[in-house]
Amino acid sequence: MTLEVTRQQTDSHSVGSPYVRLDGLTKKFGDFTAVKEVSLDIARGEIFCLLGGSGCGKTTLLRMLAGFEAPTTGSIFIDGVDVTQVPPYERPVNMMFQSYALFPHMTVAQNVAFGLYQDGVSKDEARDRVADILGLVRLGGYEKRKPHQLSGGERQRVALARSLVKRPKLLLLDEPLGALDKKLREHTQFELVNIQNILGVTFIIVTHDQEEAMTLGTRIGVMRAGEILQIGSPTDIYEFPNSRYVADFIGSVNLVEGRLVEDEPGHVRIDCPQFGCTVFVDHGVSAPADSIVSVAIRPEKIQISRECPEGADNVVSGTITGIAYLGDVSRYLVTLATGAVVRVTLPNIFRHETRLTIEDAVWLSWHGSAAVVVTR
Amino acid sequence: MVVMAWLSCRGSDAMSVIGLRLRQVLVRQSPMRQGVGRKLVIGIPYLWLALFFLVPFLIVLKISFSNVQLSMPPVEPILVFAANQVVQLRIHLANFSFIFGDSLYVAAFSNSIKVAGISTLLALLLGYPMAYGIARVRGTLRNILFLLVVLPFFTSFLLRVYAWIGLLGRNGPLNALLMQIGVIHEPIQLLQTDFAVYIGMVYSYLPFMILPLYAAIEKQDLTLLEAAADLGCRPVRAFFSVTLPLTKEGIFAGCLLVFIPAVGEYVIPALLGGPDTLMIGRVVWDEFFANRDWPVASALSIILLALLSGLVLLLQRVQAAEKSAS
Amino acid sequence: MKQKRSLVVLSAMCFGFVFLYLPLLMMIIYSFNASRLVTVWDSAHSPTLAWYRELWTNEEILSAAKLSFKIAALNAVGAVILGTLAAFSLERYTRFRGRTIFALLTTAPMVLPEVITGLSLLLLFVALQQLFGWPSGRDATTITISHITFSMAYVVVVVQSRLATVDRALEEAAMDLGARPWKVFFLITLPLIAPAIASGWVLSFILSWDDIVITSFVSGPGSTTLPQLVFSKVRLGVSPDINALATILVAGVSVGVMLLGLGMVHRDRRKNREARAVLVPES
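Chains as they are written, first to last, in my numbering: chain A, 1 to 376; chain B, 1 to 326; chain C, 1 to 283.
By construction, these hints were calculated from the structure, which means they are not laboratory data.
Where a beta carbon is used, it is the ideal one built from N, C-alpha and C, also for glycine.
Hints should not be assumed to be uniformly reliable.
Covered by chain C, per the in silico footprint, the following chain B stretches (three or more residues, Cβ under 8 Å) [said to hold, decoys possible]: (1) 103-109; (2) 134-148; (3) 178-187; (4) 214-220; (5) 297-308.
Derived Cβ-Cβ restraints for the label pairs, each shown as a range [stated by the list, open to error]: (6) C:Gln-130 <-> B:Ser-97: 52 to 60 Å; (7) A:Ala-70 <-> B:Ser-97: 34 to 42 Å; (8) C:Tyr-52 <-> B:Thr-140: 52 to 60 Å; (9) C:Ser-136 <-> A:Gln-110: 46 to 54 Å; (10) C:Gln-130 <-> B:Asn-291: 18 to 26 Å; (11) C:Met-110 <-> B:Ala-320: 16 to 24 Å; (12) B:Ala-320 <-> C:Gly-220: 52 to 60 Å; (13) B:Asn-291 <-> C:Phe-186: 33 to 41 Å; (14) C:Gly-256 <-> B:Ala-176: 53 to 61 Å; (15) C:Met-110 <-> B:Gly-139: 29 to 37 Å; (16) C:Ile-29 <-> B:Thr-223: 52 to 60 Å; (17) C:Ile-29 <-> B:Ser-97: 32 to 40 Å.
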């Protein structure tokens with residue numbers, strides 16, 4: 001918890017005054033609260049990812065930023081200006097829609113130029129700017145095509161060009177890669193970051209895909225039930241989750257409950273009945289002694305061996321009850337004497353390894369810094 | 001008396017009630033992006049329908065409680081000058097008691113339902129296999145057949161009914177054909193019979209039956225039939241246990257689309273039916289134009305409407321119950 | 001077993017299509033019959049165009065047709081405007097006071113027996129005349145108003161179902177790019193629902209052109225539409241010039257529908273071709 005707070009403070013110090021500020025934003029639909037008291041600062045040129053499952057309120061938050069939904073309470077500032085009551089057609093914000101929302105009755109050029117014409121940009125200037133932006137997204141020569149004549153990836157790039165051509169102060173992207181297949185998605189991720197670097201536009205991306213959020217985002221906000229649970233860099237979110245939900249939502253994790261038995265500033269010990277031992281963690285926690293907390297350990301941070309390892313911070317023994325070979329890594333399920341199942345991931349470094357097999361008795365060990373204690 | 005007062009208030013103040021409703025729509029405190037445009041978009045058609053559909057309806061209701069008078073309009077303006085309400089109340093309900101007391105009207109109602117019901121059934125029996133056939137044909141032929149079903153809908157209803165007058169006439173082609181093949185020896189009366197009305201109804205409303213049926217059959221997943229066959233179900237049984245239940249919605253919609261206009265139909269019984277083919281649409285028409293009895297015509301309309309909406313509600317409930325059961 | 005079922009289907013289809021088209025065919029054939037007795041084929045003088053010629057010189061029919069056309073066209077314009085507005089309200093503004101009543105009002109004219117609609121509208125016009133002096137009598141105006149009221153319901157159905165398929169994100173995208181709501185409607189929504197509006201127009205035109213019951217209630221002595229004229233003639237029995245008139249109308253509509261059908265097939269083919277041309281080299 002303390003960790004979280006200090007991290008945020010350093011962030012806002014390093015980037016100066018916020019470019020986009022959400023202040024106590026709440027949206028209710030009847031009795032249902034879609035977004036609850038969200039306050040958030042985003043710096044200029046940042047790529048901020050809102051990550052969460054479906055129905056967590058991330059899309060509603062995005063739509064409030066675009067101006068399609070009016071907040072029930074709270075306000076939105078962009079570049080120091082309160083835009084809370086500004087209609088979408090007057091906001092310096094553009095959005096790239098999940099479905100791309102390309103106008104089917106217009107050509108690529110007409111689609112991209114649409115926003116420029118709304119601002120009364122002259123025909124000549126519009127033509128130049130459309131050509132420039134289409135060049136940037138590598139769609140030069142596609143001007144005369146209609147959306148139904150484009151592939152999925154091309155449509156995505158037209159949508160991107162259309163939302164960038166007005167040089168918005170803020171670009172909102174709703175699941176920008178959601179409709180692309182896996183291969184194309186990986187490629188496009190880097191292209192998107194590249195274009196953002198060139199134009200320096202501030203991005204807010206909504207996604208349910210943690211991998212997408214981790215590759216694209218400079219910072220990630222994890223949302224659940226209308227609230228932002230944690231904000232931080234991809235590393236922070238993954239290595240120092242502040243709650244059971246975040247730990248579980250991002251990546252794979254072993255979560256066990258335990259009682260805080262020894263609380264020192266530099267380390268703690270937690271009695272975990274499920275592991276049948278006390279777990280040593282080399283960082284302090286801000287929780288009263290004897291309270292019930294959870295210990296989160298990532299599967300790749302656990303070592304697995306046939307012999308009992310010497311001098312490890314934490315050691316438990318068990319039996320392998322499941323193996324999944326995934327090529328780059330293998331996943332093991334190890335059942336402890338207490339009946340608890342621990343997930344362990346090991347990279348397949350050697351082609352001919354003396355592989356562990358089912359029913360093997362093994363020892364699991366992990367370093368004191370591997371585990372994270374979460375109190376909520 | 002209280003009822004009457006309430007009704008009269010409703011009738012004469014209908015405009016202001018509508019006006020109030022409209023003002024509520026128009027003046028409602030609107031959040032962002034709900035400006036004047038939105039109010040106009042909703043308000044204009046709303047106002048139109050209120051004025052030319054809702055208000056007329058309330059007037060019909062009002063006049064159905066009124067009494068005939070020899071003037072133009074031939075209705076006593078009782079609701080405005082309510083001096084002796086007790087007496088008038090007795091007179092007003094008289095229209096309804098008159099209708100229910102006269103076997104002619106009761107017969108007209110029951111006959112309308114009978115004719116519409118039988119016509120609907122006939123249209124279903126003919127329409128289902130047709131829709132099935134069209135839906136199971138592939139390619140251009142299907143489009144052509146579909147167009148052939150839709151085409152009559154776009155040609156004049158009146159003229160299509162008229163076409164049967166010639167066909168069914170005493171010296172018409174149908175009688176000639178029947179005599180030719182020796183079924184009958186002298187022309188029989190086909191026109192101005194209930195038979196002619198059934199033909200006219202089925203003929204006019206067949207496209208209404210076929211279109212929803214076609215839509216329902218066409219979207220059916222054919223692998224379901226393959227699955228049924230794979231599980232040992234013979235085609236005919238597969239039809240009755242798979243296709244038919246799955247197209248229930250289409251059958252329902254088709255029957256409703258045929259039955260409802262058929263109940264109130266005027267043109268077909270007037271042109272093809274005999275003088276004894278009593279149908280409620282025709283009776284309303286005659287009460288209005290021939291007898292100039294506006295209150296009775298209005299009262300008949302109200303009863304017909306109550307009947308139809310009751311029926312629709314009932315069917316909806318049945319459908320909803322079925323849906324929740326499944 | 002399978003053959004047995006096919007037989008049922010096949011015979012029903014044959015019977016059905018004969019049933020649908022035989023009366024029209026007979027009417028067309030007899031329109032070329034020289035005999036005034038409609039049911040007797042006068043082989044000595046037939047086929048003849050005499051009835052068509054007579055039709056062309058019949059002032060009564062011509063002026064009724066002209067009036068019907070005028071009313072139908074005006075009605076179609078009015079119904080399309082009001083119907084589109086209503087469809088837009090119902091589809092896009094999901095929450096406003098009185099929406100349920102509004103939805104009911106837009107669908108009710110379709111299920112209400114025409115006799116009732118006609119009667120109630122006439123009573124309204126009479127009441128209005130008594131109260132405000134307008135409309136002074138029944139004429140083309142009252143007919144047009146009545147036709148708009150019931151045909152806009154059909155436009156609502158057609159346009160609303162089309163609107164439902166238009167992705168709202170398109171409208172939001174346009175707004176996001178700086179277009180004001182009315183501009184969004186004219187630049188994005190309208191072009192996308194144009195086909196539905198066109199079919200709504202045609203449908204309203206035909207409904208009005210064809211209507212006899214409602215028209216009979218709300219028309220005055222000076223305004224006789226074509227269906228009214230036909231109806232009064234037909235009540236007296238079959239007449240050969242009506243056969244000729246029917247033939248012209250049926251032929252006109254058939255040609256129109258067929259052209260429309262061909263156009264649709266052609267457009268589908270072109271779209272398929274385009275799609276293939278684009279997708280094949282890439283994949």
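Practice task
Can you take a look at whether the segment 214-220 of chain B is actually covered by chain C? Rule is 3+ residues, C-beta closer than 8 Å.
Solution key: violated (count 0)
Handout entry: chain C over the segment 297-308 of chain B, status - at least 3 residues with CB closer than 8 Å
Key = Answer holds; 6 residues pass the 8 Å Cβ test.
Practice task
For the range 33 to 41 Å, tell me whether the beta carbons of Asn-291 (chain B) and Phe-186 (chain C) fit it or not.
Solution key: violated (52 Å)
Handout entry: Three-residue Cβ test at 8 Å for the coverage of the segment 103-109 of chain B by chain C
Key = Contact hint for the segment 103-109 of chain B vs chain C: violated, 0 residues under 8 Å.
Practice task
Check the following: the C-beta atoms of Ile-29 (chain C) and Ser-97 (chain B) are separated by a distance inside 32 to 40 Å.
Solution key: violated (53 Å)
Practice task
Given that the segment 178-187 of chain B was listed as covered by chain C, double-check it with a C-beta distance under 8 Å for 3 or more residues.
Solution key: The restraint on the segment 178-187 of chain B is violated, since only 0 of its residues have a Cβ under 8 Å from chain C and three are required.
Problem - Distance restraint hint 46 to 54 Å, applied to the beta-carbon atoms of Ser-136 (chain C) and Gln-110 (chain A) - result: Holds - the Cβ-Cβ distance for Ser-136 (chain C) and Gln-110 (chain A), about 51 Å, lies within 46 to 54 Å.
Exercise for the section: Using the beta carbons of Ala-70 (chain A) and Ser-97 (chain B), state whether their distance is inside 34 to 42 Å or not. Expected result: About 57 Å separates the Cβ atoms of Ala-70 (chain A) and Ser-97 (chain B), which means 34 to 42 Å is violated.
Practice task
With respect to the beta-carbon atoms only, verify the hint that Ala-320 (chain B) and Gly-220 (chain C) lie 52 to 60 Å apart.
Solution key: violated (45 Å)
Practice task
Test coverage of the segment 134-148 of chain B by chain C using CB-CB distances below 8 Å; three residues minimum.
Solution key: Per the Cβ count (7), the hint holds.
Handout entry: Supplied distance hint 29 to 37 Å, evaluated on CB atoms of Met-110 (chain C) and Gly-139 (chain B)
Key = holds (33 Å)
Practice task
May I ask you to test the hint 18 to 26 Å on the CB atoms belonging to Gln-130 (chain C) and Asn-291 (chain B)?
Solution key: holds (22 Å)
Of the numbered hints listed earlier, those contradicted by the structure are 1, 3, 4, 6, 7, 8, 12, 13, 14, 16 and 17.
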